[in-house]
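Keeping their order, the protein sequence lines are chains A and B. First residue of the first sequence: 20, per the numbering used here; consecutive thereafter. First residue of the second sequence: 448, per the numbering used here; consecutive thereafter.
The hints are simulated quantities; they were obtained by calculation from the structure and are not laboratory data. Please note that the accuracy of each hint is not assured.
Okay, derived cross-link-like pairs now, SDA-like style, lysine to any residue, Cα gap no bigger than 20 Å in a straight line [said to hold, decoys possible]:
id	chain 1	residue 1	chain 2	residue 2
1	A	LYS453	A	CYS437
2	B	LYS527	B	VAL492
3	A	LYS453	A	ASP376
4	A	LYS453	A	THR323
5	B	LYS527	A	GLY92
6	B	LYS527	B	PRO454
7	B	LYS527	A	TYR53
8	A	LYS453	A	ARG389
9	A	LYS444	A	SER183
10	B	LYS527	A	PHE134
11	B	LYS527	B	ILE599
12	B	LYS527	A	ALA35
13	B	LYS527	A	VAL54
14	B	LYS527	B	PRO602
15	A	LYS453	A	PHE439
Far from chain A, some chain B residues (derived; all Cβ distances over 12 Å) [said to hold, decoys possible]:
id	residue
16	ALA460
17	SER467
18	ARG486
19	ASP495
20	ARG496
21	ARG547
22	PRO574
Computed from a prediction, not measured in an experiment: that's the story for all the values here. Even glycine gets a Cβ: it sits at the ideal position worked out from N, Cα and C.
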Amino acid sequence: MSAASVDAIRNCLEGAIPSTLATCSPDGVPNVTYVSQVEYVDHQHVALSFQFFSKTRENILLHPFATAYVTDGVTGASYRLSLQFLHTQTEGWLFERMKAKLAGIASHSGLAGVFRLLGSDVYRVLAIERVPGGSLPAPAPRRNLLSALRAASEALCAIGELSSLLDQTLQSLDAQFGIAHSMLLMFDAAQQRLYTVATHGYAESGVGFEIGLGEGVIGVAAQHRVPIRIAHMTNEYSYARAVRDQAIDAGFSTDAEVPFVGLAQAHSQMAVPILAADALVGVLYVESPEQQRFSYDDEDALVTLARQVGLAIRGLQCVETAVAEDAPRTQPVALQTQGVAAVRHFAENDSVFIDNDYIIKGVAGAILWRLLGQHAENGRTEFSNRELRLDAALRLPDIDDNLEARLILLSRRLDERCDFLAIEKTGRGRFRLKVGRRLELLASVPR
Amino acid sequence: MSPDAPPEPLSEALSAFIQSGLSITVASRDGGMQTSLARCFGCRVSADRRRVTLVVQHAQAAAVLADVRTSGHVAAVFSKPSTNQTVQLKGQDAVVEPQRPFDQVCAGQHVEALLADLHSLHEYGEPLLRAVFQWDPADLCSISFTPSAGFIQTPGPSAGNRLP
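Please model the complete structure; the sequences and the hints are all you need to start from.
Printed below as a string of structure tokens:
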């Protein structure tokens, strides 16, 4: 038996090959059972899924020692873990993480609805013993994740502007980590929702897609500030379903929604919260059509990168607020100038439709409506972030208003959906509204 | 199977099931109630269906063999990977038996049947499965016991119930 370091055997805890657990009653009757999940907690602790009131449960409450048998799904090497039961968690990050993972495992093994997590049983690992027997050599990793992280990190350091930072983050995931499908969502604290500001690897951009806290992999990661990683496809955490349910709950039609552009068959998913200190800034989401594409090591790398992204976003927002600079930031856009367009605003959710085509809603919708109103009234085209912050009609939150991110979202949606309206950055904290066609503004009375 | 009455023989169906090339893990415990675990490489049931013999490898199962000699207690879980059908059998009179001539045949048939079932899941490559279920013909021995209790462990509402 060696001194326990769970780090060295993390691949055994991916669940590719089922684990078994032996416990013993106080009167000496052993019990052995399969365990759906042995989850890595830290280098000295693991957590086992508690799904049923079972003999195992009864035994560990009376005699808190157990032995687990785990096998590496890549090399086939097996280990015996001597465990001491400490306590059960029924809420919080570990529980949510295991619950999400269990949904993936259950749906993969045709047991969706049968598995329900009642608790996460936390055990101290007293010893780890390699079981003598055959194993395959560990394959060379597809990337050196430390090198990938370093390159991605350096690419971010060079950026002084939020829009490029968001895009560069996702480009680095592809270039350095080989992760081809990714999204970055920002957190709206007032609405308790997340909205997509950048995507990479999809046919449609999907910018503007929104999800509530706690909904699907992304919403759960945001709500509990914990990375959620699922190795197998699960309907329980799928966005097609989450979005539909949410629309039905809210009594809205799905017309004023940007659809989710993610993979229809995402067999691996990972959502990593983007934090600045302890505050939630957003979520980095990656997915793959491959099963078990993302490992514990990938998760560590992305969590570390997301930490840096969080601090960089927060840093750029502070600079944006404090400094004014003159250099124009974006190339002028050529706009359509023929004809008249009808712009309709619905006050109940600040959604804006142009010629019946949904553009945007929420705070960004309110901003667009405000800008167009000012333009219609007195022909204004030059605006500053500061005046939007001071504009009582927009009701931006006092702190963490994410105004920059909302303007990026608005600018990207206009870019995708409308060829006669654009927002052009003219310097730090300043931008220009460009209007090609004549607009007819129609305010709708709340339903 | 009732815990108090003398053990009944296994049903024909259960006997056939546990000999069909399943994933099998056996556990025992020492005098201090510490548990031990080992993977099994074969299972056979006596003609009267009262005795179950599990084939293990010495090197892998050293702790289990020592614990069986000390306590006589065993618990074994049998699971068919393709269907999740799972049962657990327990016994209190387990003994360690030296290698018998048919242990090698038993292990060979067991591993081939189990690999065939695992292949039907299309999840594991042949080299991985061969590594996990690699066995040394010279290293086999067995644990035999009279099943005194049996439990359904297929995930679902009946999990934990005694076998009918």
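ask   = Are the Cα positions of B:LYS527 and A:GLY92 separated by 20 Å at most?
value = Roughly 18 Å separates the two Cα atoms, so the pair holds.
**Request:** Given the hint that B:LYS527 pairs with A:TYR53, test it: the Cα-Cα distance must not exceed 20 Å.
**Result:** With a Cα-Cα distance of about 12 Å, the restraint between B:LYS527 and A:TYR53 holds, given a limit of 20 Å.
- Message: For a C-alpha distance cap of 20 Å, please report whether A:LYS444 and A:SER183 respect it.
- Response: 13 Å, holds
message: Need the status of pair B:LYS527, A:VAL54: alpha-carbon distance at most 20 Å?
response: Satisfied, since the Cα-Cα distance of roughly 15 Å is no more than 20 Å.
Sort out whether B:VAL492 lies within 20 Å of B:LYS527, counting only the CA atoms.
-> 17 Å, holds
Far enough from chain A: is every CB of that chain over 12 Å from the CB of B:ASP495?
Given a closest Cβ separation of 24 Å, the condition holds.
### Query
Any Cβ of chain A at or closer than 12 Å to B:SER467, or is the non-interface label fine?
17 Å, holds
Would you check the hint for B:LYS527 and A:ALA35, treating anything up to 20 Å between C-alpha atoms as holding?
16 Å, holds
Can the restraint linking B:LYS527 and B:PRO602 be considered satisfied, given a maximum Cα separation of 20 Å?
-> Since the Cα atoms of B:LYS527 and B:PRO602 sit roughly 12 Å apart, the hinted pair holds (cutoff 20 Å).
* **Proposed proximity, A:PHE134 with B:LYS527 (alpha carbon, max 20 Å)** => 18 Å, holds
*Is A:LYS453 close enough to A:CYS437, meaning Cα to Cα at most 20 Å?*
Between A:LYS453 and A:CYS437 the Cα gap is close to 12 Å, so the pair holds against 20 Å.
Review point. Is B:LYS527 within 20 Å of B:ILE599, Cα to Cα?
Key: 13 Å, holds
In this structure, the earlier hints numbered 4, 6, 18, 22 are contradicted, and the remaining ones agree with it.
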